[in-house]
Amino acid sequence: MSAPILAVQRRIDNYRLPEAGESWPSIAQFVRDTVTSLDLRTVGVTSHYLCTAARFTFWAWQSHGVALDAEEVFRLDLVAMFNEQKMRNLSDTYRAGTAQRLSRLVAHTSGVDPVRQKRTSHIAPIYTDTQLMHHRGSALAHTTESRRANAHLVLGLGAGAGLRPEEVALLRVGDVRVEDHHATVTVSGKHPRTIPVRNRWVPSLVTGLSDRAADEWAFTGYRLPEYPARVIHQFGIDTPTIPTPSVTRLRATWIVGLLNQGLPLDLILHLSGLATVVSLDSFVRAMQPHPIDQHLTAITGPELSL
Numbered sequence: 001m002s003a004p005i006l007a008v009q010r011r012i013d014n015y016r017l018p019e020a021g022e023s024w025p026s027i028a029q030f031v032r033d034t035v036t037s038l039d040l041r042t043v044g045v046t047s048h049y050l051c052t053a054a055r056f057t058f059w060a061w062q063s064h065g066v067a068l069d070a071e072e073v074f075r076l077d078l079v080a081m082f083n084e085q086k087m088r089n090l091s092d093t094y095r096a097g098t099a100q101r102l103s104r105l106v107a108h109t110s111g112v113d114p115v116r117q118k119r120t121s122h123i124a125p126i127y128t129d130t131q132l133m134h135h136r137g138s139a140l141a142h143t144t145e146s147r148r149a150n151a152h153l154v155l156g157l158g159a160g161a162g163l164r165p166e167e168v169a170l171l172r173v174g175d176v177r178v179e180d181h182h183a184t185v186t187v188s189g190k191h192p193r194t195i196p197v198r199n200r201w202v203p204s205l206v207t208g209l210s211d212r213a214a215d216e217w218a219f220t221g222y223r224l225p226e227y228p229a230r231v232i233h234q235f236g237i238d239t240p241t242i243p244t245p246s247v248t249r250l251r252a253t254w255i256v257g258l259l260n261q262g263l264p265l266d267l268i269l270h271l272s273g274l275a276t277v278v279s280l281d282s283f284v285r286a287m288q289p290h291p292i293d294q295h296l297t298a299i300t301g302p303e304l305s306l
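Number 147 in our numbering belongs to position 147 of the sequence shown; there are no gaps in the numbering.
By construction, these hints were calculated from the structure, which means they are not laboratory data. All clues given are correct.
Pair by pair, the computed Cβ-Cβ distance ranges are:
no.: 1; residue 1: D266; residue 2: S23; range: 37 to 43 Å
no.: 2; residue 1: R177; residue 2: R285; range: 29 to 35 Å
no.: 3; residue 1: Q9; residue 2: N260; range: 45 to 51 Å
no.: 4; residue 1: T297; residue 2: T36; range: 58 to 64 Å
no.: 5; residue 1: R16; residue 2: D39; range: 18 to 24 Å
no.: 6; residue 1: N83; residue 2: H295; range: 32 to 38 Å
no.: 7; residue 1: Y222; residue 2: P291; range: 46 to 52 Å
no.: 8; residue 1: T42; residue 2: A99; range: 18 to 24 Å
no.: 9; residue 1: D281; residue 2: Q234; range: 29 to 35 Å
no.: 10; residue 1: G97; residue 2: S188; range: 33 to 39 Å
no.: 11; residue 1: S2; residue 2: T144; range: 52 to 58 Å
Don't be surprised by glycine CBs; every beta carbon is placed ideally from N, CA and C.
Input sequences plus hints: build the corresponding full structure.
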């Protein structure tokens with residue numbers, strides 16, 4: 001192995017992301033493997049990719065509970081959120097360089113041209129009804145009452161109300177109101193709103209709450225104040241043999257379901273905590289096709305009497 005290549009490998013092996021702190025060992029090997037797979041040839045370029053891959057992975061893992069799988073981490077929807085949330089106050093040069101490296105990582109890990117992928121948009125794959133029922137059954141397989149409650153809550157709040165991972169993590173028992181077999185969830189924070197829960201998931205939600213005090217966390221477990229969604233991801237890591245649904249995928253399934261039901265877009269935006277119709281673009285692409293003949297009267301209007 002040549003000296004430059006050895007220097008590159010040493011840089012990869014010795015790299016550490018300072019802001020990750022004690023969490024770095026959990027993501028270090030994933031970051032190193034990802035950058036190694038790029039087959040970079042200079043220490044300078046390698047350093048830039050290490051920094052970008054590490055910061056992006058740490059953010060996705062801690063803030064959104066993303067599993068450490070290359071195709072799950074380096075998704076264009078997450079890249080767009082990262083650029084909006086973490087990069088908008090930085091210099092144009094820094095943002096452009098980071099965007100270029102993330103685009104290459106998306107293309108490298110997914111095999112898809114990021115320009116083409118951006119044109120066609122992307123969301124986490126939605127669940128089928130069969131998959132959702134399988135996860136409902138799996139919730140009963142956990143070995144402790146608290147873990148069973150958490151599994152039911154993930155389904156009740158994700159599939160039933162479309163909450164984000166961080167919103168699930170920060171919800172209190174008292175934020176859920178149940179009356180006459182119906183339920184609403186009140187979300188605080190950046191996207192405050194009250195969401196009626198889909199009736200089929202109210203039993204899961206009630207089971208998960210299990211008559212606990214109003215000021216308790218709905219989802220039990222230790223959460224870091226700066227990365228609350230980490231508690232959701234850790235839940236899946238702790239029981240790898242039991243299938244755990246992704247809250248992000250449950251939310252996507254819920255939003256697409258509202259679109260398929262024909263709800264007004266302004267109402268969907270409010271319920272999902274999204275700001276603009278553009279945010280729904282990728283979800284619209286996942287909708288069921290609607291034959292034009294089933295909606296012809298709505299398109300053309302009533303018959304004219306001549």
